[in-house]
Amino acid sequence: MFYRLIPLTLIMLLGAYYKKGRHLAGFFWTAAVLTSLREPIEQLGDQILPVVIYSLVTGFTMNLLQAIHFKKSGFLVSLTMRLGHYFIWHILFGVYVEYLELPLNY
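Converting from the sequence shown to my numbering requires adding 115 to each position, the first position being numbered 1.
The reader is advised that the hints may include incorrect statements.
To be verified - Below 30 Å or equal to it, Euclidean Cα-Cα: the simulated DSSO-like pairs (lysine-lysine) are:
1. Lys-186 / Lys-134
2. Lys-134 / Lys-187
3. Lys-186 / Lys-135
4. Lys-135 / Lys-187
Just so you know, the hints here were simulated from the structure itself, not pulled from any lab data.
My request is simple: use the sequences and hints to build the entire structure.
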């Protein structure tokens, strides 16, 4: 909500009032790119360069696609996309890693 919904909505409201909305597309794309970069940049840590690049590219792409779907189809589609991503990546992949992967010998 703080990464996408509030900032994107506020920027789009400003864009609607600026010159009576003539530059609304520019406001949307600027807001979409900036809000899409926020989460991956905040989650960077001490990682090797390929992992940093992978995290930035995939995080940015997912967030940008979510912003595009938010504009095109609304909040529920954007929310469903995010929840589906969480279900696949964090739940199903987490189950795979925790229970189905062969145990490591320490």
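So, going through the hints one by one against the coordinates:
Between Lys-186 and Lys-134 the CA atoms are separated by roughly 20 Å; this keeps the pair inside 30 Å, and the hint holds. Annotation: proposed proximity of Lys-134 to Lys-187 holds, straight-line Cα distance about 23 Å (limit 30 Å). Taking the CA atoms of Lys-186 and Lys-135, the gap is about 19 Å. The hint holds against a cut of 30 Å. Among the hinted pairs, Lys-135 with Lys-187 is consistent with the structure: their alpha-carbon atoms are about 21 Å apart, no more than 30 Å.
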